[in-house]
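Asker: Read off the chains here:
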Amino acid sequence: MVLDVSKVVECDVLVIGGAGAAVMSAVSALREGADVCLVSKGKVGRSGNTIMIGGGFGIDGRSAYEVCGETAANQNFTKEQLFETIVKSSFYLCDQELVRQYVDKGPYAVKECLDWARKAGQKFFFIPPASLWMTSGRSFGKAVKQGVLENPAIRVFEDTIICDLLTSSTGVCGALGISIYTGEIIKFKAGAVILATGGYQPFSLKNSISDMTGDGIAMAMRAGADVVDMEFLLFIPTALEPQYIKGSILPYLMTIPNYFPLYPTITDLDGKELAIAEEYRRIPPANKMNKILYAYFWGKGIFEKLDKYGNAMYFDFSKYTDEELLGSFEKMMANVAPWHAKNHYNGINLYEVYEFLLKNNKRFKVGLGNEYSMGGIVVDKDFASTVKGLYAAGEVTGGVFGAFRSADGLTEMLAHGWDAGKKAAEYAGKHGKQTDSNTADVLERLQRVLEPGEGISPYLVISQLEQVCDKGFNFFRTGELLQEAEEGINRLKEMLPKMKTAVAERRYNFEWISAVLAENLILCAEAGIHAANLRTESRGTHMRADYPVVNNREHLYRIIAKLEQGALIHRREKPNAPYLPLPEENVATIPDYILASVKEDSNHEG
Amino acid sequence: MKVRVRRSGEKNGIDLFQVPAVENQWTVMDVLDYIALNLDPSLGYYRHSVCNQGVCGRCGVKVNGRPVLACTSKVQGEDILLEPLNNRVIRDLIVEP
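Taken in order, these protein sequences are the chains called A and B.
Residue numbers for the first sequence, in this note's numbering: 4 to 609.
Residue numbers for the second sequence, in this note's numbering: 10 to 106.
By construction, these hints were calculated from the structure, which means they are not laboratory data.
Ideal Cβ positions, reconstructed from N, Cα and C, are used throughout, including at glycine.
Keep in mind that a hint or two might mislead.
Only pairs whose alpha carbons sit at most 30 angstroms apart, straight line, appear in this in silico BS3-like list of lysine-lysine [unchecked claim]: (1) K391(A) - K11(B); (2) K20(B) - K362(A); (3) K501(A) - K20(B); (4) K334(A) - K83(B); (5) K148(A) - K71(B); (6) K148(A) - K436(A); (7) K11(B) - K368(A); (8) K71(B) - K145(A).
Okay, the calculated beta carbon distance ranges per label pair [as the list claims (entries may be wrong)]: (9) N96(B) - V8(A): 49 to 55 angstroms; (10) I23(B) - A507(A): 54 to 60 angstroms; (11) R13(B) - A507(A): 22 to 28 angstroms; (12) A507(A) - G22(B): 16 to 22 angstroms; (13) N493(A) - D24(B): 33 to 39 angstroms; (14) E100(A) - D24(B): 52 to 58 angstroms; (15) A443(A) - Q85(B): 47 to 53 angstroms; (16) G22(B) - P260(A): 52 to 58 angstroms.
Could you put together the complete structure from these sequences and hints?
Answerer: Here it is as structure tokens:
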């Protein structure tokens, strides 16, 4: 069997991804007169992390009033305040020009998405004090789908995984994909390519969609692009049990006092309380920096017994009477009822969870699950990567949120797509299409996995990668564990050329697809683990048990990675900070940094 | 738990797998993942863009003749039969999208 290209598709702008960043990029490129193709691993509006959202996304209050027409919006909450919050929450590591773009363009992109939602009949409720819209992942997906339906000139290829970018001597000029159900190889020739493929999550416990295998980030690296901030991954409380809700963010929602007014008692699996120190409990519950505090205080307890119990703690609601607990669940049901089936949150029957708690001393096992990756492809203010013809939008990029994302991934993807589509279309218009020089190499890589012979299942490689990352690259890190993880990655890299599928069938052979995913995820994890090892300090979501200080004097720089002759090279750069000056003093711990930052912001939040 | 799976192509027929599934705890997706990782990686089932939370609605499969979403359906009983949703089979449990 020899793999060959079954179909060639030509366009000006090729957008890779199937959710908010991709659709906004495609619509924006189309508006500039480009001929646009959109390729999605799943179905548009039913794939990508967009559909996994917990509920809300926002912009500043004044823009909500002036641009989006929300008359109840708090106009005292300005773009400037939002800008400052994002920069400080990034631990000053962000590219401030990208934050400016988020704040300035976000409102216009959000308005367009709200129009799609309205036409699609989806409920997006504005909450004035928080200046955000509440909805559900499924509704957001339908809004995004509306964007494609309204623009039928966009040629959509669904259930197609892009395996690699095609490059010429000038830069990126297309991509090669597999149509998953048929196994056909499709070659896309394009004037410019926009990656909108989301982040990377190399752990066994995640609350994101399974698409988050770092495809765009890894493909960009293989094409020669810079990536940044790969050591920063966001973890939030995520269900471990009952098994049928594993991966749900329900435990995180159960920390919200609107539903559950009494905070659960958090313990390790021996029953030892993992308390958040008193002085840090004053941080308002709505402040997203609480996510870091959870990972810090609870994560530390988990980390101490990681070898014994793994990534697990108890959420204990025994301070509630049965009636109080039921009342809290019912309040949650009422709040999410506009979007979810009766008594449900997504696919979970909340009465069943209540019953489970009653049968288990009102406690259940929770881990810290991966939600979002801050790192990704380095982009300039036009969302151009460091490789010509290659653009990126949304979670696949790095830079707007630095060490921690306090603002919204949804607004991010829409704002990015707004400009990325426009600029990619302009580039394609000027430069036309080039001829690639690597189609044969990519085909050879894909074919090798299908050839008969003894080998290692790609499923096993991904499973082992998760074990390596669970142990050494989780929410708490040490030099010793990171070193072990790097050695683990090296062993996995040796396995990559030995990957083989059990059958040579090409139609819906997910083991074959997984060989592509394994390569991508391992490259992303390698970049992240190495950066985490170099960063001998703590910052944002990067917590070093051996280096607790937020070391602004020596470590306030971005770690950038690039592939050169097959090897990852890392370098350091000062963050781009044209607006807010970078701090020069160290802070003793991450919680202290958060406390100081919240105190400074307290005037704004009122 | 005995898990019987209807296969297509060369394996045409019913395959039997022993899976250490916990009744009313594991989902059908947990069972399929277990088989693919530990017993038979050639098994075709919906896995390429999975929300695992009943959001995307794409992992439909028949369990003992009843259509369900694999990711939200809990396994029950000693013996289950997994089959494709309809006759438009592409491979094993995969049907045309």
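Asker: A separate judgement is required for each hint: does it hold in the structure or not?
Answerer: Now for the hints, and whether the structure bears them out:
Between K391(A) and K11(B) the alpha-carbon distance is near 55 angstroms, which puts this suggested pair outside the 30 angstroms criterion. For the suggested pair K20(B) and K362(A), the alpha carbons sit about 43 angstroms apart, so the restraint of at most 30 angstroms is broken. Simply put, K501(A) and K20(B) have alpha-carbon atoms about 25 angstroms apart, close enough for the 30 angstroms limit, and the pair holds. Straight-line distance between C-alpha atoms of K334(A) and K83(B) comes to about 26 angstroms, which keeps the hinted pair within the 30 angstroms bound.
Restraint check for K148(A) and K71(B): the C-alpha separation of about 28 angstroms stays at or below 30 angstroms, so the hint holds. Pair hint K148(A) plus K436(A) holds up; C-alpha atoms about 28 angstroms apart against a cutoff of 30 angstroms. As the CA atoms of K11(B) and K368(A) are separated by approximately 28 angstroms, the hinted pair is consistent with the 30 angstroms bound. Restraint check for K71(B) and K145(A): the C-alpha separation of about 26 angstroms stays at or below 30 angstroms, so the hint holds.
In this structure the hint that N96(B) and V8(A) lie 49 to 55 angstroms apart at CB is violated, the actual value being about 31 angstroms. Checking the proposed 54 to 60 angstroms range against I23(B) and A507(A) shows it is violated: the Cβ atoms sit about 23 angstroms from each other. Taking 22 to 28 angstroms as the suggested C-beta distance range, the pair R13(B) and A507(A) conforms, at roughly 25 angstroms. Take A507(A) and G22(B): their Cβ atoms lie about 20 angstroms apart, and the range 16 to 22 angstroms holds.
Taken as a hint, the range 33 to 39 angstroms holds for the pair N493(A) and D24(B), whose Cβ atoms sit roughly 37 angstroms apart. Taken as a hint, the range 52 to 58 angstroms holds for the pair E100(A) and D24(B), whose Cβ atoms sit roughly 57 angstroms apart. At roughly 51 angstroms, the beta-carbon separation of A443(A) and Q85(B) lies within the given 47 to 53 angstroms, and the hint holds. At roughly 56 angstroms, the beta carbons of G22(B) and P260(A) sit within the given window of 52 to 58 angstroms.
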